[in-house]
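Visitor: With the sequences and hints as input, model every part of the structure.
Single-letter residue listing:
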Amino acid sequence: MNLLKPIKAKIKDIKQECEDIKTYTLFVKGLFGAMPGQFNMVGYPGVGEAPISLSSVVYNGCFEHTIKGVGRVTKFLERFRKGDEILIRGPFGKGWPLDKVGGKDILLIAGGVGLAPIRPVLQKILSKRKSFGKISLLYGAKNEKRVLFINEFDKWQKNISLYLTVDEVVQHPPVSPLAERGSNVGLVTDLLDKVKIDSKNTFAFICGPEIMMRFVCLRLLAMRVDKSNIYVSLERRMKCGIGHCGHCQHFGLFVCKDGPVFSYDQVCGLPDGLL
Amino acid sequence: MTKKYIFRKSKELVSKDDFFLWLDSLRKNYKLIGPVRDENQTTFRELNSSKKLFMEYETTMLSPGKLFIYKQREELCKFKMDGRISVEEALPLSDKQIIVGVHPCDTNAILYLDRIFLGAFKDPYYESRRKNTIIISLNCTQVLKNCFCSSVGTGPFLKASSGYDMLLTDFDDKYLVEIKSKRAEKLFNIKGKRAGAIELKIKSDKEKSLLNKFEKTINVKGLDNLFRNNLNHPVWEHTAEDKCLSCSNCVMVCPTCFCYDILDEVSVDLKTARRFRQLDACQDLRFAEVHGDNFRGGRGARLRQFVTHKLNQNKQFDIIGSVGCGRCITWCPTGIDITEIAKEIQRHEPA
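Chains as they are written, first to last, in this note's numbering: chain A, 1 to 275; chain B, 1001 to 1351.
Just so you know, the hints here were simulated from the structure itself, not pulled from any lab data.
Treat the numbers as computed from the prediction; the structure is a model and nothing was measured.
Quick reminder that beta carbons are idealized off the backbone N, C-alpha and C, glycines included.
Among the hints, a few may not be true.
Derived lysine to aspartate or glutamate pairs resembling DMTMM-like cross-links, with alpha carbons at most 25 Å apart [stated by the list, open to error]:
#: 1; chain 1: B; residue 1: K1078; chain 2: A; residue 2: D84
#: 2; chain 1: B; residue 1: K1315; chain 2: B; residue 2: E1344
#: 3; chain 1: B; residue 1: K1078; chain 2: A; residue 2: E85
#: 4; chain 1: B; residue 1: K1203; chain 2: B; residue 2: E1056
Not close to chain A: a few residues of chain B, all C-beta gaps over 10 Å, as computed [to be verified]:
#: 5; residue: K1016
#: 6; residue: L1023
#: 7; residue: R1037
#: 8; residue: R1045
#: 9; residue: M1055
#: 10; residue: D1172
#: 11; residue: I1179
#: 12; residue: F1188
#: 13; residue: K1193
#: 14; residue: G1196
#: 15; residue: K1201
#: 16; residue: I1202
#: 17; residue: E1207
#: 18; residue: G1222
#: 19; residue: T1334
#: 20; residue: E1340
Examples of chain A residues lying across from chain B (beta carbon under 8 Å, computed) [as the list claims (entries may be wrong)]:
#: 21; residue: L4
#: 22; residue: P6
#: 23; residue: G71
#: 24; residue: I242
#: 25; residue: G246
#: 26; residue: D272
Guide: Right under this line is the structure:
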């Protein structure tokens, strides 16, 4: 099988999450399965490809990608409408270690668009809620206008604890569903002060800017969570997704095939990274 | 090429004239590729006669593996975007080819590329060419000033037991021909004098005398930890600031550097596109750039990536990334020497 040959994906739906972030619901023909935390190379002929995590579980050949338009490929994607075709390759990489966390308490910690790769793991947990212990989602967004999946918070909150924060408030007086939830202003690390954990029984799945993950990991260590129970999803430049093109190399590791989800002890202290 | 065939591992002495006649007889079915001298440089290229071969060559700028098996640039896919998208893969036309005169370092480099492109995920473009390539390796007869293969276990005589087809050792007007694959056993239809204990003794003496000639050495033991513990050693910044131009020569001439970029070319009417891949280099500023950050924005970080990837990070493919060919040293315009960088760190903290 040629893993460099993309397949067509049809855009079934597009949801504007906020100003520059959209969630695309894609459909592919044939068998397609993916684990939470895996990614696709999403692209278009003549434009290129970018590695994007799935932001939902796969259901009936459909899955979602939540994409912020920032680069050549992701900005190009913004022009597409429902019914258009784009290309994908995947899924690639190792996802969140759901097999290791049965019965455990899980901290899901996300910053910004980093909530996208966390969402499928949350969906999976919610579908088998009883197989897990205490679940908390700690989510920090840049401001109240940049909050993802805000319509799903009510549903989530019925089954898990939700802690929200924004770096800054841009609208005065703050009119947003977030304000009603009594959310914080400050960094996502502050939210860790609000949760009480049983450190021996707790796993953490983190995704966000690498600098945020650095400080979240340090705080978790201070809370006596074991290094090997902390998982991070890394972002690197990628061209192939299968450990060939070399772009995502992280001191011997290939982020695309050995990750993108790593345990903190695998990547802590490696050069050319912030962890 | 991990598949092990059962075949007669014969060792025979064959006159060079007979050997080259045999090579020419294969040109009916195979493209013949070998070292050719132009003025003062030798390059691997396709030949129409074995007479053009220059088997006594010292080294080449580009390794045969990265010219004829892993291509510097190749087409991956064709697209049509006429309302709907259509995708067509561009698999390589797999001409059968023979590469003759591949030195031990370059043979080992091909075995290294196999670990990448024929590992957990297979690259069909590489695989198709690799399957159709017969590799006839040639043990070295000389040691150049930048060679350090003896320090990394890849030369000057080839030790690998499989993954190539034949091994030649120069015996004046003869070659000691060792068969290393089943397909070579089938192809090699000339009878020579069977090599006995005496010939094998001569071969090992030849190797020993070469081993004494190495000027460049490196102690690779413990380099993994040493680099890991010296990520901020001043040698990285000093070498980067004083010498490195980030020109990527080292990467381009390296026979084991495998990184590639993928680029699309769109037709003028925007209705079709072709997707290519071509060699890329970790020395390029944008190589590790993502939105809002560049993980190797500094020249020192990029230099460290190249050197450590060659000399440690062994766990990546269970072997060291360098084959000791010395090309990165030879072709560095400012004379950066990876063995010297390792030694500089070892001086402060012996392994």
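Visitor: Report the numbers of all earlier hints that the structure fails to satisfy, in ascending order.
Guide: Violated hints: none; all satisfied.
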